[in-house]
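There are 2 protein chains.
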Amino acid sequence: MNVVREWAELMEQCKIGDAPVAMTEYQGTKQLADLGFPVVEGYLATTEDEAVQYSRQIGYPVVMKIMSPQILHKSDVGGVVLGIQNDSDAKDTFGLLLRNARQYNSAAIIHGVLVQKMQPKGLELIVGVNRDPVFGHMAFVGAGGTTVELLKDFSMRLLPINEVEAGSMLQQMKIYPLLSGYRGANPLDEASVIQLLMKLNTLCSELPQIKEVDLNPVFVYEHGIAISDVRILLEKSRQNTPANRIKQRYLDKMFNPKSIAVIGASSNVKKNGGRLFHYIVKHGYKGKLYPVNPGAEEILGYPCFPSLEAIPETIDLACIIVRAEQTPEVLESCIRKGIKAAIIYSSGFAEIGWEGQLLQQKITEIADRGGISLCGPNSIGIASPILNTYTAFGMALQTDHPISGPIGFVSQSGAMGSALLSRAWEQGVGFSRWISVGNEADMAIPDFIKFLVDDPETKVITAFIEGIKDGSAFIDAAEAARQARKPLVLYKTGISEVGQRAVQSHTGALAGNDQAYQCVFAKVGAIRVENVSELIDVSRGFMMPVLPKGNRIGVVTASGGACSVIADGCSAIGLNVPQLSTGTQQVIAECIPPFGAVQNPVDVTAELLSKPDMFKRVLQAVVADPNVDALLIMLTTSADPVASVVARAIVEVRDQADKPILVGRLGADFLAPQALQYFREHQVPVFPTPDRVVKVMKYLVEFGMHQYGKEEILINLINK
Amino acid sequence: MNVVREWAELMEQCKIGDAPVAMTEYQGTKQLADLGFPVVEGYLATTEDEAVQYSRQIGYPVVMKIMSPQILHKSDVGGVVLGIQNDSDAKDTFGLLLRNARQYNSAAIIHGVLVQKMQPKGLELIVGVNRDPVFGHMAFVGAGGTTVELLKDFSMRLLPINEVEAGSMLQQMKIYPLLSGYRGANPLDEASVIQLLMKLNTLCSELPQIKEVDLNPVFVYEHGIAISDVRILLEKSRQNTPANRIKQRYLDKMFNPKSIAVIGASSNVKKNGGRLFHYIVKHGYKGKLYPVNPGAEEILGYPCFPSLEAIPETIDLACIIVRAEQTPEVLESCIRKGIKAAIIYSSGFAEIGWEGQLLQQKITEIADRGGISLCGPNSIGIASPILNTYTAFGMALQTDHPISGPIGFVSQSGAMGSALLSRAWEQGVGFSRWISVGNEADMAIPDFIKFLVDDPETKVITAFIEGIKDGSAFIDAAEAARQARKPLVLYKTGISEVGQRAVQSHTGALAGNDQAYQCVFAKVGAIRVENVSELIDVSRGFMMPVLPKGNRIGVVTASGGACSVIADGCSAIGLNVPQLSTGTQQVIAECIPPFGAVQNPVDVTAELLSKPDMFKRVLQAVVADPNVDALLIMLTTSADPVASVVARAIVEVRDQADKPILVGRLGADFLAPQALQYFREHQVPVFPTPDRVVKVMKYLVEFGMHQYGKEEILINLINK
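Chains as they are written, first to last, in the UniProt record's numbering: chain A, 1 to 720; chain B, 1 to 720.
None of these hints come from the bench; they were simulated from the model. Computed from a predicted model, the values in this text were never measured in an experiment. Mixed in with the good hints, there may be bad ones.
[As the list claims (entries may be wrong)] DSSO-like, lysine-lysine: derived pairs with alpha carbons at most 27 Å apart: (1) A:Lys616 with B:Lys270; (2) A:Lys288 with A:Lys174; (3) A:Lys199 with A:Lys616; (4) A:Lys174 with B:Lys152; (5) B:Lys117 with A:Lys121; (6) A:Lys152 with A:Lys247; (7) B:Lys549 with B:Lys611; (8) B:Lys611 with A:Lys74; (9) A:Lys286 with A:Lys271; (10) A:Lys30 with A:Lys121; (11) B:Lys174 with A:Lys121; (12) B:Lys271 with A:Lys616; (13) A:Lys121 with B:Lys616; (14) A:Lys549 with A:Lys523; (15) A:Lys174 with B:Lys710; (16) A:Lys74 with B:Lys121; (17) A:Lys270 with B:Lys611; (18) B:Lys30 with A:Lys174; (19) A:Lys523 with A:Lys288; (20) B:Lys74 with B:Lys121; (21) B:Lys659 with B:Lys616; (22) A:Lys271 with B:Lys611; (23) A:Lys611 with B:Lys271; (24) B:Lys152 with A:Lys152; (25) B:Lys30 with A:Lys611; (26) B:Lys174 with B:Lys152; (27) B:Lys549 with B:Lys288; (28) B:Lys174 with A:Lys152; (29) B:Lys174 with A:Lys174; (30) A:Lys117 with B:Lys121; (31) A:Lys271 with B:Lys121; (32) A:Lys91 with A:Lys30; (33) A:Lys121 with B:Lys459; (34) A:Lys270 with B:Lys616; (35) A:Lys211 with A:Lys288; (36) A:Lys710 with A:Lys174; (37) A:Lys362 with A:Lys469; (38) A:Lys121 with B:Lys30; (39) B:Lys121 with A:Lys152; (40) B:Lys286 with B:Lys199.
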């Protein structure tokens, strides 16, 4: 389809400026008809005679609609008449429509009256595209007609899509059965709806100016479809790729610095500069460390320098923690000193309003000019537990026992990030890298995600996100994570209107439409969690060496109540608790007392916990069952020493299994400290509530399904 | 409306036995017409001539439908013809319908052809009633027509209802705007739909035999409604009130026993009987204690008796922990000894199948005969921390530091109940009473709830529920809780089909339809939580001395990220984060730095936490704001000593406020042990994650709205 030239002319006609321009329905219909879209036959009549002539040409009955750029909701002002049967009615209707239009708005520009073939009733869909300011074109399809907003039954996808994806968009609608053949009715023409989506796909790839296409209703028949109403909005497409994306990055100097200068270091730990320097020293940084402060001789035994230039050696990383207005001069001295990586902790930039915004632009320009990779301003810093390098001043670093591990974490909220870091440590969970991005004057979330993708110390990437500025950079980074088979686990805030207000008052980030984010995350296979604390839970889950290959969960508990709770949880969330094979049931029946349950969910009864060999046999049988993709064990109140015996049995089964095993334990930690210690030593994450272990299993399955490309299971999971 | 006689005749006709009996549409239509329901005019034609005659009488166009008890889905077999215009068509259609019916099922009994007035299109609703086997009649109303099952847009209520409740049923539908006047359209006749629900309400109150009434579609017009299709199912109503409901109860002897005999006590703590006796002693029971075991001289220093009768004193409570087959004889000896309260811990009853079921019936009969109040069998026991009386053997009792408090807890799962008890203690939360109901051979959940309602030690009642056997007893107990203004907080499992399987294989309880439970909980103002661990969270929340009077939440945090997360959480759950009044905003602006947020959610910034007076002023201003019903404070990583200063400020504000204040804190406990200790000492529950504190606030508001009768806010909360 070669459309660019024709549409370009139309856009010339429309005199497109910065504001979006709406086409009239007739213009839109005509354009789409020319491009081969199955629009209802129709012509623009400008006189009574033309109205009659077109009506005859089309064949009665016909529909007539007023065409005016000033009248968008035609039905509401008597601008639409259906079922016109003959010449005389056609003539009268033409006059009536004009009178109604003038009465509604005497200044309205009337392009004429659209005469259309009267369509038989079919299933009504709404089909269209919408350009998100951050991520670009999204296609959508849903239950159409006048109740679109009430029922909210629709699915959306980031473009481009292929035919399989278009097909699964249809399947995601609640009313999909009406399309595929409901209650013995003949199936409707799904293929034509898919083709319509593909046509929109092509159109958007060639015409970035498309802001909105709304086709509503699209009538779907057993054979064919008919687009009965067309609404098109055009708008200049904005180039939103920031210049800094092509900057050379000095990530090694930022994350693995051999030498650090702290500009604004202090010996007063009540000051941020004092806390920062204290944490670097306290947590055992191994490289060379230079405090810079013209007012001090030494800090914590380190000789202090009056300026960067006074330091006799080269510096990998500048940690800048001075007053906001001093930061430009400090950055200039970084350039003079040849420093290529800096973190600015200072606040007083875009987050405080327009003066701060100007200052932020200034430091971005300086960093660009000097080729400096910059994190911040208004950052809490970067921590690399894996290297004992803590260039951060978050309160979490008060701990005497930081833990390193395989999780890389990047946060747009310093406070939430720091709190999560401390909670992770509390649970014995370690991070490889921890990054507070601050205001993202230079480096932003996508840059850090890319770094974590390449970072060999990081196996799981997690992020707390308020808003993405550069959609395509984010998509690139997420795709890189997917290629590297590193799970990308995200919490995204700013969903509610009030939440967006909060985000905007705090950072410069644009909190985009949540539905768009949802599409993008689905497209790139990112795992979106619902609660911040799940960032830690899920990351723990991903320490499992294997992924589930499907959503069929074997459940083993020692209590009927736990069976029921886990079964409810699985079902609510789209996980399947299948029947076990006969062989497995036989093995279980041989092991457990008669008042247990041999069916999935299996209740081995509390009695069996003190018979570890039997318990192990049950676990082995369930995990090996061909009907099962993963094993979930829910423990209740077992106490040491029985609990430790149980823990050993679970670890032994886990070591031999080629399917993931997750463990929940509702009983308090104080009942089984030895068992919990054993689990920790053997890298078995234990989740304290049924809902949390089920949720983590869902996310593991979701990631597995992305990896193994099982679309149909994903739809079920994401819809729940 | 006096209908009993007429319907009784019809039921005689229908020869109602134990199985449900369906009326044909004509029978149903006629009955409802006689009772004044606005059914579409229609007559049963048994010949061609009658078909023509009725068609003329009604006036063309008409609709014809085949009437046969064997043909339920008439449309699917060519049993319905619409829009018949004249005598000749009416005659032909009559023949056609008969032929189609015979072709579909040659043995079908044909009652005739229903000739109905052809109705103009209106909004299609489904309206009806359904009798739940446990709770009785439920009314429902929803989006009607053929897509009922796909859209699942309906609301249900337990009968009886009044007109206000009927009205709010309508408002709960997503498509309600179509009824109330959508996009400038005239409103439809809501009042007639409400009247229809009220007619069904009356009908069911007079005719318990009604099993199902399905009116679908009911056309709703601007003036009037028309019931176009009627489906009625009748069934004998079962009397499901167990005899034991009229037994005299000896709750004081069960819960506050002055003397206890433990039949089956042992000095081996690996045995259940050993553990039970050990826990009674260990946790300091103050009354007289008698181990009964013919094979022992003494246990833990208590002289042992060979039988109950050998004990020289009267006994309040018998704790029976012997093999299942010995329990009848032990109960008989209880009768001989004049004991009126017993707990049977032994398993091997209804939960193991039909033999156990028989044994369970036997002990129920003995208990009834002896007038014994019985808890169990298969119970883990009863604990009264408030009295240091622990007649239970759950592993939670391993603790050396049990805590008492205002929460009464009753559980149908011993294992889950015991696990939750231990988790509560871990969080510093105490119980007044803890009850494992076991198989409920005699006393059941409603009996225990009633006890907790009357128990002065209990302020909040919580329950883990698998299934209720006696619906009206439950409703009575819950109503009593509401009257006493004690929150009833429930977790109900057995929602999923698999979950129901698990429940049924474990206990004898009937896991009823979840939707029915939902209706009942809403009706009695019980708070249903989604996750088991929320039972503890919410109960902690209810320790607040005051309830919110609305759903408008003031939010104060020290981080923009936290503001956004809380705002998202509130909005997802139906809580409102309103604009603060101008005066409040001015006070906040005077206190906080320029990069904070004076709007709700308020970001005071981390800086303010070290200025406790300023922080207090902000809290006081927000909690006093007339736009706000409750205050939610979300802390992040503040560490001692700052965290302690913050804690003191919060407690001071709480002490003077007449609105509830909840606190969340995402940062790890190890950062602020002193602050957390201070909160605990001052009864301020602190929740570790944003989602948990928001959830608890939602439940507080829900209970407040039930108490204050604010239906419109409740609808919003329950729909979310």
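Would you list, in rising numerical order, the hints stated earlier that this structure does not obey? 2, 3, 6, 7, 8, 13, 15, 18, 19, 25, 27, 31, 33, 35, 38, 40
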